[in-house]
Amino acid sequence: MQSPLSGSILLIEDDRDVRDSMRDALEDEGFKVVCASDGREALGVLRAEKVLPRLILLDLMMPNMDGFEFREEQLRHPEWASIPVVVITAEGRVDERAGSVEAVGQIVKPVKLERLLEIARQFASAPA
Amino acid sequence: MREGRRGSYRSTSVPGALRRERIAELLSRIRQLVAADAALLLAPSADGRELTPVAASGIEEREFASARVLLGQGLAGRVAAARVPMLGNDRLPGEPAPNDADAAGTRSSVAVPLTVDERLVGVLQLVARGRRPFSNEDVALVQILAERVVAAIERSQTVEALRSAEERLRLALEATELGIWDYSPVTAALTWDARCKAAFGLRPDAEVSYETFLARVHADDRERAHRAVQGALDPQRAGEYESEFRTTAGRWVAARGRAVFDEQGRAVRFIGTYLDITDHKRAEEERDRFMVELQQAVRARDEFLSIASHELRTPLTALDLQLEGLERLLRRQNGSEANGKLVHKVEMAIRQTDRLTTLVNDLLDVSRISMGRLRLEPEPVDLGAVVREVCERLSDEAERAQCPLVVRAPEPVVGCWDRPRIEQVFTNLLTNAVKYGPGKAVHVEVTAEGDRAHLVVRDEGIGIEQEDLERIFGRFERAVSSRHYGGLGLGLYISRQIVEAHGGIIEVTSRPGEGATFSVWLPLRLPTQAVGAAASKESA
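Protein chains in written order, with this note's numbering: chain A, 74 to 201; chain X, 693 to 1232.
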């Protein structure tokens, strides 16, 4: 039996419209997407699953548990620590905060579809 | 114009700036202080060859009005020529010869020059009859008072730059509002005139002592005011006294004065003036409060811009992704006519979200620049390639405006710049050229000039009025009305900030109706401090 997280992308974003739009765009291209609306929910998703996502798309500014706190928790967990994180930022191109959470990349809002797919192709498994 | 006004003001002799009767009153107070019978203030004539009377105290106007003193003649004339105080037994100019021979024998006279920047502006002469002759100490006192008067007048002249004639007149009048005080450190006797007493909330007939003074200085300023006096009476120092404090009557007072020492170095007299500067201080406080409020308002605006542009990005993201997804789905279906129309409409919608994105980005850039957070990420960039790419990207827009793009970039011009930022500058210039010169060619040229790259964008559009040429690089500025040409008026402001952050220069030459030429010079290597550092003039 295959876990829903196999070869998938974990999308952590608090704004529902943005989250749904990104999920739609990725699913239209054949990616599997699991969503969480904040860091705490995302930790719950990771704990519940045995097979881990290939990529985490992480919004930094979120209620309850923000992206920074989530990243700390993630890095503390030996199995989760190696999952690459790409930060979603509204700060513009040069956001030093992306560096502070040791992200492998960043997507700037407003997100262009091509950029989103490029990141997904680079880090998540190629869609079937 | 400005020079002319200054000139005419300068030619006015000191007393010309003051009202005659107020000067007379001032003279009367100085006269009482040194127990003189008469005082006369003279001013040099326009040609500087003689002195003419301006105001007097203790002598009838008809006696002195027509008097003329040639430079070098008489006590006042000699003082005017030598510019040093002198003692003598001369009569005042115009003063009738005394009938009483005894009085003539005991007449004593003192004259001091009044100078501003080594320019003679007047001579003050005092006469005493039937008393001991003026002493050197009296000369010192008269001189101190004269200096204070001149200093006040001088202040009124140096603040000429302080614009209004009204302001200058106000400051000139301050000279006559000086309260005069006189303190004897030996006997501890203190004399205040009515103006001094008023500043301290005392009636004209009130008795005063040094203790009165201290008790009537505001508690918070008392210690400081006392130390200032002690300092002035210290023979080790020059004896100069300058102090500002509040009184318990709620007034602000500026005190100036000087101590006079005897041969043994003892302070024998301490004399000076008080000036009520309450209005001035209140205006200052008002201005400070206004400045703080202004800064808060600017900060609030920048924070608002930042938050607004962040918040706008979220729905823009959802909108743009949905539209792009829709376009993709439509293109995958087979191209019926209806489908083609839909694709066209979606493309149009996407172009509008791109425009919205640009506007939102501009707002964020402005808040970044004013908060000093414009950062550069330099990398090797071929400016020619950037220009060709941007021209390609904007070719549809140029075509719609019927602007042929004529690009001349014969060879690679590679420098170390922040590529997206340089793209932004050129995009701005090219968009403007198309916007303001529809139907005309736009010429773009990229060349290397020594260690600089030179980018020229020339249009044949409506051009720019002379007085707008510098203004257009300012924030929210535009040379034309926003009714006819859209946009926030931020493009050139941001472009200039980016170019200057790279250590470069942006310039424009234009004439109305003859198009505009924008030139950008960029050093091939970034100045080191610009890299990754806040690059903003406004943060200073």
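If you are wondering where the hints come from, they were derived from the structure by calculation, not from laboratory data. Computed from a predicted model, the values in this text were never measured in an experiment. Cβ atoms here follow ideal geometry from the backbone N, Cα and C, with glycine treated the same way. Treat the hints with care, since some could be wrong.
Stated by the list, open to error - What the simulated footprint calls covered on chain A by chain X, stretch by stretch (three residues with Cβ under 8 Å from a Cβ of chain X suffice, anywhere in the stretch; the number is not a length):
#1 81-91
#2 94-101
#3 172-186
To be verified - When the alpha-carbon atoms are kept at most 16 Å apart in a straight line, the in silico EDC-like pairs for lysine to aspartate or glutamate are as follows:
#4 A:Lys185 - X:Asp739
#5 A:Lys185 - X:Glu742
#6 A:Lys185 - X:Asp1046
#7 A:Lys123 - A:Glu102
Status of the hints after comparison with the structure:
With 3 residues having a beta carbon nearer than 8 Å to a beta carbon of chain X, the segment 81-91 of chain A meets the requirement of three or more and the stated coverage holds. Counting residues of the segment 94-101 of chain A whose beta carbon lies closer than 8 Å to any beta carbon of chain X gives 5, which reaches the threshold of three, so the coverage claim holds. Under the rule that three or more residues need a Cβ within less than 8 Å of chain X, the assignment of the segment 172-186 of chain A holds, with 5 such residues. Of the supplied pair hints, the one linking A:Lys185 and X:Asp739 is violated, its CA atoms being roughly 81 Å apart against a limit of 16 Å.
Distance restraint check for A:Lys185 and X:Glu742: the Cα-Cα separation of roughly 86 Å exceeds the 16 Å cut-off, and the hinted pair is therefore not satisfied. This hinted pair checks out: A:Lys185 and X:Asp1046 have alpha carbons roughly 10 Å apart, not beyond 16 Å. Proximity of A:Lys123 to A:Glu102 is assessed by CA-CA distance (about 25 Å); at most 16 Å being required, the pair is judged violated.
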